[in-house]
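*Asks:* One-letter residues, chain by chain:
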Amino acid sequence: MDFSLDDEQQALVASFADLLSKRSSPAHVRQAEPTGFEPALWRALGEVGVVEMAVPAERGGWGAGPIDLALVAEQVGASAAPAPVIEAQVAARLLASLDDPAASAALDAMLGGEQLETKAVRPVVDGVAELVPAGAVADAAVVLDGDRLRLVSLAASGARCPVANLAAAPLADVTVGDAAPLASGPAALVAFEAALDDWLLLTGAALVGLAGRAHRTTCEYARERRTWNAPIGSYQGVAHPLADDATAVDGARLLVHEAAWELGRHGRRGRELAAMAFAFASETARKATYDAVHFHGGVGFTLEADPQLYYRRARGWPRVWGAPQDAYGRAARARYHTSEAS
Amino acid sequence: MAEVDEARPHADLWAEVHAWLDESWDPDRSVDEWWKLVANAGWTAPHLSVEQGGRGLSRRSQAVVRAAFADHGALRPPGGLGLLMAAPTILTHGTPEQVGRLVPPILDGQVGWCQLFSEPGAGSDLAGLTTRATRDGDRWVITGQKVWSSMAAQSDYGMLLARTDFDVPKHKGISWFAFRLDQPGVTVRPLREMTGHAVFNEVFLDEAVCDDADLIGGAGNGWAVTQTTLHFERTGIGAGGSHAGFPEPGPKGGMLGRRAGDAALDEAPNDKLTLGYPDVARLARERCRSDDPVVRQDLARLYAYSQLGLWNAQRGKAEARRGGGQAVASIGKLTQTRIVKLAAKLGMDILGPDGLVAGAQAVDGGVFAEAMVFSPAASIYGGTDEIQRNIVAERSLGLPREPTPDRDVAFGEVLRSRAKMP
Amino acid sequence: MDFELSDDLVAFRDEVRAFLAEELTPEIDDRVYRTGVSHDDGFVRALAARGWVGGTWERDDGPPTLDALRAHILEAELTRVEAPIYAVYTTQMVANVIRVVGSPDLRAEILPRFHRGEVSIALGMTEPEAGSDVAAIRTRARRDRDGWIVDGQKMFTTNAHITDYVFLLTRSNPDAVRHAGLTMFLLPLDLPGIEIQAVHTLSGERTNIVFLNDVVVDDRWRIGEVDGGWQALMLALQDEHSAPFSPHLSRLVEAVEQWAHEAGRIDEPELQTRLARWATQLEVATLLELRATWMEAKGDVPLAEGPMSKLFSTEALVGAAEDLTELVGPDALRSRLDPTAVADGRVEHLLRFSLGTTIYAGTSEIQRNIIAQQACGLPRA
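Protein chains in written order, with this note's numbering: chain D, 2 to 343; chain X, 6 to 427; chain A, 34 to 414.
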């Protein structure tokens with residue numbers, strides 16, 4: 002029983018926190034809107050191995066486990082970084098898990114820094130993968146079309162249609178065409194679901210980071226801002242919701258870590274815990290970012306202030322896949338051994 | 006159902022308005038000519054007495070008259086914050102000279118008003134404001150900063166609260182001014198909100214001036230006058246009053262020189278920042294989610310809140326007629342924020358990922374995404390949820406106020422002790 | 034990072050479960066439910082015989098029998114099955130204070146008997162006019178020759194009708210303000226002038242009011258310094274925040290999951306989803322609790338983490354009881370005492386029981402105040 006980070010993990014967190022505090026400040030985040038992609042930041046993250054770390058050693062990466070990836074994802078979320086870290090890592094792990102030459106070639110291109118791949122989180126419908134995370138800036142996307150995993154090149158014109166959105170994220174609708182399958186049948190579905198577990202876990206971790214940052218900013222404000230000659234944080238109407246948020250953020254973080262630990266050891270509750278972590282982190286981030294806007298008063302509602310950056314993303318990031326309810330459903334199916342409908 | 010019952014007693018009024026319009030409506034008049042005619046006949050605020058510029062009718066009559074104008078195809082009487090708040094305030098607290106000078110231009114749409122209350126350091130604690138007004142002969146010199154002033158850039162006058170006495174406790178040293186904005190000492194800067202729009206403004210006052218004749222209700226009596234203004238603001242918003250500003254009065258409102266017949270075709274601006282049950286129910290049908298049991302539960306909840314809001318508003322009006330109703334108005338505002346937030350959330354749940362999409366490509370032009378982004382504002386403007394709950398707790402439940410140590414201390418002393426803090 | 038119990042801890046947990054299967058008979062369980070009294074002499078002695086009463090302390094006759102993690106596992110398992118341990122729990126809180134600030138005389142009198150399960154002590158801090166604001170208590174202790182005369186009233190003194198003593202907080206100096214001027218006593222309940230009245234609660238638990246009328250108390254029963262009662266109280270209260278509440282939630286979720294399986298409804302999507310929501314809350318509650326325990330085991334003080342755990346698990350328990358009652362439907366209302374009860378009547382019981390948990394051991398509001406100060410750095414009101 003141990004909830005602490007070891008020295009290596011602490012160093013990992015510190016180095017990403019440092020990089021992101023310098024290159025992904027709220028000003029940077031604003032600057033990158035509405036596309037939500039800052040190429041210089043992405044290059045800098047690439048240089049410190051943000052894609053390599055996610056790939057198993059036998060496929061040319063560093064073989065970092067889900068816990069390490071979750072720790073990084075939390076920092077990425079805390080700074081609302083305009084860089085498709087999670088999408089790239091999930092795509093890379095998916096490609097690495099497939100036994101297919103095209104997948105290997107795509108993975109090599111990612112590791113070489115030449116290509117950015119991403120993955121659609123929902124299956125293709127009528128030839129279109131909708132709202133693919135990072136679809137607006139990636140070179141290719143792995144999509145699930147029926148029972149086939151396809152690699153869709155986004156270079157051709159008309160392949161993608163970027164979508165303006167609430168979270169200022171680089172989303173795009175992707176037309177699939179007939180790109181050759183990387184895998185088909187049950188193997189494809191298994192690989193897709195495993196990649197989805199990764200995405201749910203890491204997005205949950207990012208939401209914990211986002212919620213934690215919004216909460217911390219609000220506590221600072223509540224100490225400084227005064228009304229009726231007292232700091233607003235001294236009023237229970239303000240302090241108590243912030244206490245609830247602190248508790249929920251800590252709880253969400255613990256749950257993300259437990260899910261990451263379980264996935265890392267291929268435990269039988271991995272899918273269930275990853276879905277639970279995503280659901281709980283989504284709800285926690287929703288409330289914490291609302292409280293951040295609300296307790297900053299009118300100022301919190303302006304574009305000039307930071308809380309709105311977190312509020313919009315807390316709602317945008319998870320919803321490309323679904324609502325907390327959908328994740329609870331997924332957790333339930335895993336917990337009660339009901340088969341996963343595709 | 007309730008609306009139909011209420012409309013029946015107004016059948017006579019409806020007919021009377023139509024008869025008057027048959028005789029008087031002329032689409033070729035200019036808007037300002039038309040509005041002068043309308044105001045002269047007492048149609049702008051028919052619930053006021055004849056001496057005050059109305060027709061001595063019921064409170065409900067204003068809405069009935071406007072509906073009749075629209076039904077006839079005639080340009081409605083002017084709207085605006087002056088009509089909603091400034092005119093009733095001046096009628097309650099002003100001298101006959103002030104009423105005679107300031108109210109008619111509101112009623113005939115010649116002048117636009119905004120509110121200059123909140124400051125960066127004084128939001129919920131409005132009485133803590135620090136904009137300073139210093140007496141200089143028969144006028145006041147005013148310096149300070151105001152924020153969250155909607156329509157300030159389109160206004161001629163502002164309802165300005167400033168501190169005229171720093172040596173008394175904070176509530177006792179405030180005065181309410183009918184303040185002219187067009188002067189060198191005034192700068193208006195728009196604020197950009199989370200929705201991307203810029204409805205609100207900051208207003209900087211740097212040795213701006215105001216005649217003593219425009220101080221309403223007496224020097225140092227501003228807090229009492231403000232309660233009147235806030236009462237009319239709350240009963241306007243809490244009763245679900247949509248877009249109080251339409252049509253825009255005053256030379257900067259863009260209406261006055263136009264042909265009245267053209268202006269009559271303008272639609273009320275899309276008030277889709279706050280969605281309600283009908284919008285979400287329609288969306289559920291269009292997206293084939295009406296059979297989803299969870300959606301139905303939430304829709305039912307939304308419907309229930311909407312009904313409660315309507316009934317609460319009626320109850321509030323009844324109590325207001327008897328001189329009370331403040332707690333009920335607060336309940337109304339809280340219900341409204343609940344509706345706004347639930348509607349936005351439910352809209353997003355129904356749309357799923359499509360709800361993230363903004364702009365022209367989006368479903369319904371992105372109204373639901375925008376409503377999501379706007380919804381936190383409902384709990385902040387017009388008195389935060391926390392302030393509303395305080396009011397309900399104190400006025401309706403009779404619970405004691407929280408202690409406020411600075412209540413009886415001279416405000417200047419409060420500022421000095423604050424400056425000493427680390 | 035590691036979320037697993039080591040093999041030896043799992044073995045210990047199994048040992049506790051085996052103990053409970055043997056010692057916590059249906060007869061005891063039923064009596065506790067019907068009387069609302071969480072105490073059984075025989076059960077306590079059996080616990081003590083295993084070294085499981087005050088097991089983490091050094092004793093005169095040997096080293097500790099339990100480490101912090103085992104103590105937590107033991108307490109969680111006892112809580113889960115609602116074993117009759119409330120009196121043991123309060124006795125341990127007080128014995129701990131006596132251990133630290135009690136006179137040698139008191140220590141000798143109480144501690145060995147405590148470890149043998151032969152003494153019981155109820156808590157007497159709360160009064161009708163003073164609950165969360167415990168420094169506002171008014172029960173008076175006036176010096177009188179070699180001792181004291183005590184007058185006043187205590188509320189929610191659970192088990193005082195059967196315990197040997199009550200841990201009594203008094204005001205010894207009426208001129209001192211608030212925390213100053215308080216003195217703690219271990220009051221023998223067989224002294225003249227003490228009257229106890231039963232108070233029955235929504236959950237079926239029975240508690241008491243204690244009336245104290247000119248009770249003559251020898252000074253040997255004082256715990257700690259004169260006017261040093263606040264320090265004694267603080268020692269007692271630091272234990273309060275770490276009592277586990279997630280086992281109640283665990284039992285509830287399990288009971289409803291079992292019901293769903295037996296009713297053939299576990300595959301219904303809406304039902305599943307709703308259950309998974311509470312299973313998630315349970316997971317979070319368990320983790321928050323484990324974190325606080327782990328911190329204590331390392332020697333850290335979980336100032337914010339203890340309150341976070343108590344707040345979250347009790348509020349989750351209230352919400353779960355409400356929602357799962359609706360989920361199970363009308364059958365959930367059937368009382369445990371009725372032969373047609375579903376899931377042992379647990380759902381109905383927890384619907385009532387859960388409400389006390391957000392009030393005692395520090396209300397949710399008090400927990401939020403502490404969290405706001407310790408975790409959010411917010412100033413006191």
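Everything labelled a hint here was simulated from the structure, so no lab data went into it. Mixed in with the good hints there might be a few duds.
[Unchecked claim] Which stretches of chain D does chain A cover? Using the computed rule of at least three CB atoms under 8 angstroms from a CB of chain A, they are:
1. 166-180
2. 246-252
3. 327-335
[As the list claims (entries may be wrong)] Calculated lysine to aspartate or glutamate pairs in the EDC-like style (CA-CA distance at most 20 angstroms, straight line):
4. Lys346/X to Glu391/X
5. Lys331/A to Glu225/D
6. Lys346/X to Glu324/X
7. Lys346/X to Glu198/X
8. Lys331/A to Glu142/A
9. Lys41/X to Asp17/X
10. Lys177/X to Asp211/X
11. Lys331/A to Glu39/D
12. Lys288/D to Glu37/A
13. Lys288/D to Glu391/X
14. Lys425/X to Asp172/X
15. Lys346/X to Asp284/X
16. Lys41/X to Glu253/X
17. Lys331/A to Glu37/A
18. Lys331/A to Asp8/D
19. Lys425/X to Asp327/D
20. Lys288/D to Asp390/X
21. Lys177/X to Glu253/X
22. Lys23/D to Glu59/D
23. Lys257/X to Asp37/X
24. Lys346/X to Asp411/X
25. Lys288/D to Asp284/X
26. Lys288/D to Asp41/A
27. Lys346/X to Asp390/X
28. Lys425/X to Glu407/X
29. Lys177/X to Glu207/X
30. Lys23/D to Asp7/D
[As the list claims (entries may be wrong)] Stretch-level coverage of chain A by chain D, calculated; a stretch enters the list once three of its residues show a Cβ under 8 angstroms from a Cβ in chain D:
31. 234-243
32. 255-267
33. 291-305
34. 337-350
35. 358-364
36. 395-402
Since the structure is predicted, the reported quantities are computational estimates derived from the model, not experimental observations. Each residue gets a CB set at the ideal place from its N, CA and C atoms; glycine is no exception.
*Asks:* Is it true that the CA of Lys425/X sits at most 20 angstroms from the CA of Asp172/X?
*Replies:* holds (18 angstroms)
*Asks:* Checking one constraint from the list: CA of Lys41/X to CA of Asp17/X, max 20 angstroms. Satisfied?
*Replies:* Not OK: Lys41/X and Asp17/X at ~24 angstroms, beyond 20 angstroms, violated.
*Asks:* Regarding the pair Lys288/D and Glu391/X, is the alpha-carbon distance no greater than 20 angstroms?
*Replies:* holds (16 angstroms)
*Asks:* Has the given pair, Lys425/X with Glu407/X, been kept, meaning a C-alpha gap of at most 20 angstroms?
*Replies:* violated (25 angstroms)
*Asks:* Given the hinted pair Lys346/X and Glu391/X, is their Cα-Cα distance within 20 angstroms?
*Replies:* holds (16 angstroms)
*Asks:* Are the Cα atoms of Lys288/D and Asp284/X separated by 20 angstroms or less?
*Replies:* violated (24 angstroms)
*Asks:* Checking C-beta pairs, does the stretch 358-364 of chain A have three or more residues closer than 8 angstroms to chain D?
*Replies:* violated (count 0)
*Asks:* The stretch 395-402 of chain A covered by chain D? Criterion: 3 or more residues, Cβ-Cβ distance below 8 angstroms.
*Replies:* holds (count 4)
*Asks:* Compare the distance between the alpha carbons of Lys346/X and Asp390/X with 20 angstroms, and conclude whether the hinted pair is satisfied.
*Replies:* holds (12 angstroms)
*Asks:* Need the status of pair Lys288/D, Glu37/A: alpha-carbon distance at most 20 angstroms?
*Replies:* Given that 20 angstroms is the threshold and the Cα spacing comes to 30 angstroms, the pair is violated.
*Asks:* Just to be careful, I want the Cα atoms of Lys331/A and Glu37/A compared with a cutoff of 20 angstroms; is the pair within it?
*Replies:* Judged against 20 angstroms, a Cα distance of about 17 angstroms means the pair holds.
*Asks:* With a C-beta cutoff of 8 angstroms, work out whether three or more residues of the stretch 327-335 of chain D approach chain A closely enough for the coverage to hold.
*Replies:* holds (count 5)
Violation of the numbered hints given earlier is confined to hints 1, 5, 6, 8, 9, 10, 11, 12, 19, 21, 22, 24, 25, 26, 28, 29, 30, 31, 32, 35; the remaining hints are satisfied by the structure.
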